[in-house]
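Participant: Guided by the hints, dock chain B onto chain A, whose structure is given.
Protein chains: 2
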Amino acid sequence: MDLLIKFIGEKIGLGNSDEDIVGPTDMDDSAVIKMSSDRIVITTDGHTVDPVFFPGGNIGDLAIAGTVNDLMVMGCQPLYLTLSMIIEEGFPFERLGEICSTIGDLARKSGVRIVAGDTKVMPKGSLNNIVLTTAGVGVIRREVPLQDSKGVSGDVVIVSGTIGDHGAALMARREGIDLETNLPSDVRPLWPDFKDVVLHPGVRSMKDVTRGGLASALSELSTKSGLVIEVIEDRIPVDPRSKAICDILGLEPLEISSEGKVVMLCSKASAEEVLGLLKSTDAGKNAKIIGELIEGPPEVHVKTNVGGTRLLDKPYGEPIPRVC
Amino acid sequence: MDLLIKFIGEKIGLGNSDEDIVGPTDMDDSAVIKMSSDRIVITTDGHTVDPVFFPGGNIGDLAIAGTVNDLMVMGCQPLYLTLSMIIEEGFPFERLGEICSTIGDLARKSGVRIVAGDTKVMPKGSLNNIVLTTAGVGVIRREVPLQDSKGVSGDVVIVSGTIGDHGAALMARREGIDLETNLPSDVRPLWPDFKDVVLHPGVRSMKDVTRGGLASALSELSTKSGLVIEVIEDRIPVDPRSKAICDILGLEPLEISSEGKVVMLCSKASAEEVLGLLKSTDAGKNAKIIGELIEGPPEVHVKTNVGGTRLLDKPYGEPIPRVC
Chain A
1 MDLLIKFIGE KIGLGNSDED IVGPTDMDDS AVIKMSSDRI VITTDGHTVD
51 PVFFPGGNIG DLAIAGTVND LMVMGCQPLY LTLSMIIEEG FPFERLGEIC
101 STIGDLARKS GVRIVAGDTK VMPKGSLNNI VLTTAGVGVI RREVPLQDSK
151 GVSGDVVIVS GTIGDHGAAL MARREGIDLE TNLPSDVRPL WPDFKDVVLH
201 PGVRSMKDVT RGGLASALSE LSTKSGLVIE VIEDRIPVDP RSKAICDILG
251 LEPLEISSEG KVVMLCSKAS AEEVLGLLKS TDAGKNAKII GELIEGPPEV
301 HVKTNVGGTR LLDKPYGEPI PRVC
Chain B
1 MDLLIKFIGE KIGLGNSDED IVGPTDMDDS AVIKMSSDRI VITTDGHTVD
51 PVFFPGGNIG DLAIAGTVND LMVMGCQPLY LTLSMIIEEG FPFERLGEIC
101 STIGDLARKS GVRIVAGDTK VMPKGSLNNI VLTTAGVGVI RREVPLQDSK
151 GVSGDVVIVS GTIGDHGAAL MARREGIDLE TNLPSDVRPL WPDFKDVVLH
201 PGVRSMKDVT RGGLASALSE LSTKSGLVIE VIEDRIPVDP RSKAICDILG
251 LEPLEISSEG KVVMLCSKAS AEEVLGLLKS TDAGKNAKII GELIEGPPEV
301 HVKTNVGGTR LLDKPYGEPI PRVC
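Which chain is which? The protein sequence lines are A and B, in order.
For the first sequence, position 193 matches number 193 in our numbering, and the numbering has no gaps at all.
For the second sequence, position 68 matches number 68 in our numbering, and the numbering has no gaps at all.
So here's chain A without its partners, still in its complex pose (with noise of 0.2 angstroms):
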């Protein structure tokens, strides 16, 4: 077990070197870490995706930029995480090697450290390859956090960019069309690309789309700001590869898993500055306005194409399982 373990250390590529932790290493069975804020934020999210390695990244991708985004959209800067491995025994090491340097590598992008880790082996057959789960905390960095019912009437509706390429990727793999669209799931941790947005005061709420996709995050935006969300279908970005995808499998976009996507209420006044900082990062460059919040009971309307208006439902989850 402890072969295994310098084995993930290295390939994650730890170091003892950060000032941060100032008492005991990663020898000891936890971190201590000085904290200046009083206002941490704490998250935590499971990884399960099947197949681990898809189109465009692997279960090590998801396992840092869905906590790191699962903060940022917080208001938060994310600092520290834990890993905690579980591992089916025979599961072949060279594959654990990429998964720990994907990890380590998005790690050291996002600005957060691995703190404290554990990894448990399952006997063949009992575990279907391999499942993460990441803690992280992090730091308010706004006066007031972001939160999902700040929205008012009048604010503009942002996407960071085209919606359901991570579900749309990995379904694709899946059902074996992968080859002929080629589409990359978007996987990626958008945490320090977004910090101007996250830190400008028009910015009021922000989810990452991910589980539910486009229709389940601005379903809770609406609900919890007790607001009407109305988007103009067309102004929707969705990448021709996934709608194809969507459309072969008989699969509705706006229920598809992001990984590397955020939507916004942002104040009317601050739209066009915002979207300027999301367009101005590789992450953000097709973001879009894609509406408004109006008043009326909380309900999501879309105003398609042909010139009418469909009520989105919030989807019961996501279409398949095991998506991140």
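A few of these clues could be false.
The list treats identical chains as one, so a pair stands whether inside a single copy or across any two.
Each computed DSS-like pair below joins lysine-lysine, with the alpha-carbon atoms no more than 30 angstroms apart [said to hold, decoys possible]: (1) Lys268 <-> Lys109; (2) Lys124 <-> Lys285; (3) Lys124 <-> Lys314; (4) Lys109 <-> Lys34; (5) Lys279 <-> Lys34.
Just so you know, the hints here were simulated from the structure itself, not pulled from any lab data.
Facilitator: For chain B alone, coordinates are given in the frame of chain A:
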């Protein structure tokens, strides 16, 4: 999925009343928490125990006790936990409810709050029952954190009770000999029972006696302190039922995990006082001084009943998988 989360939340008994939760409630993705200390400890543990229900507890006991005890042995007051549940499709709701009730009860007893959670379901056959990952956050309550490396020559080695009971109980259940012995696992969170011990200035190092048992814990304390640990075999408390199970299965009680015991290094001058503090608690009523730290290259010496001395090696790991 929402129904499942609601069910889990009800069984655990999460509330929204705690004033430490200063920002978004558990209806948002993450929790915002006030932290007044700048010495925060973060830890994580995955739990894959098989069977999920065993004599004296279930996987929920392990999830709380493991993380609470991990924090405590750093000299830390456990405060906040995150909980990730990965559940096999078809796992009985009733059993899930029992696990969640256990988690809620133990969290309340330990004075910790579960501030963030995540639930994933894996298709039937891709996971054996359920795995849990907890991460924990706490605050150092001592001037200097407890550390494995802090022992000095002359220090006394104390264990807080009989060792090996968790591993023995689990193996007895698996091998079908538990009806004869009726030995329960010793799994329990040790905070706040051991609070006064943890805060005692004479205590230098503390380790929970989990995977690899007392042998592993002593070996690490010896290695990190750079000294010999000499223990008297006769003084090490072992429940006769654990001894019997180990005899039947050809196992060594010193290498079997406990989940509610700690071993500690303590200054000679404080030893009797610390022992008294331990013995005044239910969890520590069988505490014993078992040896001392002496000059010499790091090794663990066991003085046997027949007058000899044997070397105690660090075991490769727990003799069987999925013990915690």
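Participant: I want to check one pair: Lys279 and Lys34. Are their C-alpha atoms no more than 30 angstroms apart within a copy, between two copies, both, or neither?
Facilitator: Neither: 35 angstroms inside a copy, 34 angstroms across copies.
Participant: How do Lys124 and Lys314 come out at 30 angstroms by Cα distance, when the copy is not named: within, between, both, or neither?
Facilitator: between (38 angstroms within a copy, 26 angstroms between copies)
Participant: Have a look at Lys268 and Lys109 and pick one of within, between, both or neither, based on CA distance no larger than 30 angstroms.
Facilitator: neither (32 angstroms within a copy, 49 angstroms between copies)
Participant: With 30 angstroms as the alpha-carbon cut-off, assign the pair Lys124 and Lys285 to within, between, both or neither.
Facilitator: So Lys124 and Lys285 fail the 30 angstroms test inside a copy (44 angstroms) and across (40 angstroms) alike.
Participant: If the cut is 30 angstroms between Cα atoms, do Lys109 and Lys34 qualify within a copy, between copies, both or neither?
Facilitator: Answer is both; intra-copy 21 angstroms and inter-copy 27 angstroms each pass.
In summary, the structure is inconsistent with hints 1, 2, 5 from the numbered list given earlier, while agreeing with the others.
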